[in-house]
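Engineer: Start from the sequences, fold in the hints, and give me the full structure.
Under full-length UniProt numbering, the final residue of the sequence shown carries the number 238; numbering is consecutive throughout.
To be clear, the hints were calculated from the coordinates, so they are not data collected in a lab. Quick caveat: nothing in here was measured; it's all calculated off a predicted structure. Glycine is no exception: its CB is placed at the ideal position from the N, C-alpha and C atoms. Treat each hint with caution, since some may be false.
To be verified - DEER-style ranges, computed between Cβ atoms: (1) Lys188 x Lys82: 23 to 31 Å; (2) Gly76 x His116: 23 to 31 Å; (3) Ala25 x Asn62: 21 to 29 Å.
To be verified - Derived DSSO-like pairs (lysine-lysine); straight-line CA-CA distance at most 27 Å: (4) Lys165 x Lys108; (5) Lys12 x Lys31; (6) Lys189 x Lys55; (7) Lys36 x Lys189.
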Amino acid sequence: MASPCCLEPGAKQTHVSEGQEVEIANLNTYKTGQGKSAIVIFTDIFGYAFVNVRKVADRFANETGMTVLIPDLFNGDPVDHKIPNYQDLLPDWLKKHSPDEACPVAGKFISTIKGHYESIQVIGFCYGAKIVVYLITHEELTSTIKAAIVAHPAFLTKEEATQIKRPTLFLCAETDHTFSPELEEYYKKELTTTGFGTFIKYPGTVHGFVTRPDGSQQSNEQSEKAKQDAIEYFKKNI
1 MASPCCLEPG AKQTHVSEGQ EVEIANLNTY KTGQGKSAIV IFTDIFGYAF VNVRKVADRF
61 ANETGMTVLI PDLFNGDPVD HKIPNYQDLL PDWLKKHSPD EACPVAGKFI STIKGHYESI
121 QVIGFCYGAK IVVYLITHEE LTSTIKAAIV AHPAFLTKEE ATQIKRPTLF LCAETDHTFS
181 PELEEYYKKE LTTTGFGTFI KYPGTVHGFV TRPDGSQQSN EQSEKAKQDA IEYFKKNI
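Structural biologist: Written as structure tokens, this is what we have:
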């Protein structure tokens, strides 16, 4: 079975987490920052404890002044890239952690924090982008979300493009098997009509580049640019 997700963890990164572990809506959650508004990160298959995503979360908190939350939607069972042949385990892992099952859990999380922050924005990487699109296409949740970002998304369908009801920034890789040129163009067409979509494409990049750059100069530079674009978008929509 071909994987709809990128399985490469990228170049090794190091980072000392600045936040703390808390429990929200019965989910272990990484919390960083003390802002009155919140950013919620929905991760790729490597999960909420992956050093790369915590590094991003701390940067978002420091540069936006917002509280950043990363819920663990995988119940302590992310894909472990340190296990030999871990790629072969993905089909079985997705059976246990399908986006269809994770989406309502994410919805409960958002409903739980509603009212605790002046505004809530969301961002999803790869697998997490599917979660974000669920949140901004379901009427009972869209009113809670101020704005959204999806980065190199996976699992998206054409039908969802017509249902997006919140301003959404798409951070797109130049080459992405999970978000094909045809699907990207379809989303652009639909969201240009509704006014809810902004698209940025980063030259010389592949799926996963925002949180998992491969260590090359081009990948690192474009990853930094994408993260800064996300920060400016969050600040604009507080």
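Engineer: Take the hints in turn and mark each one as holding or not.
Structural biologist: Going through the hints against the structure:
Distance hint for Lys188 and Lys82: a CB-CB separation of about 38 Å, inconsistent with the stated range 23 to 31 Å. The given range of 23 to 31 Å is respected by Gly76 and His116, whose C-beta atoms sit roughly 24 Å from each other. The hint said 21 to 29 Å for the Cβ distance between Ala25 and Asn62, and at roughly 25 Å that hint holds. Restraint check: the Cα-Cα separation between Lys165 and Lys108 comes to about 19 Å, which is no more than 27 Å; the hinted pair holds.
A hinted pair counts as satisfied when its Cα atoms are at most 27 Å apart, and Lys12 with Lys31 qualifies at roughly 23 Å. At roughly 34 Å between alpha-carbon atoms, Lys189 and Lys55 are farther apart than 27 Å, so this suggested pair is violated. A threshold of 27 Å between alpha carbons decides the hint, and for Lys36 with Lys189 the separation of about 35 Å lies outside it, so the pair is violated.
Checked against the numbered hints given earlier, the structure breaks hints 1, 6, 7 and satisfies all the rest.
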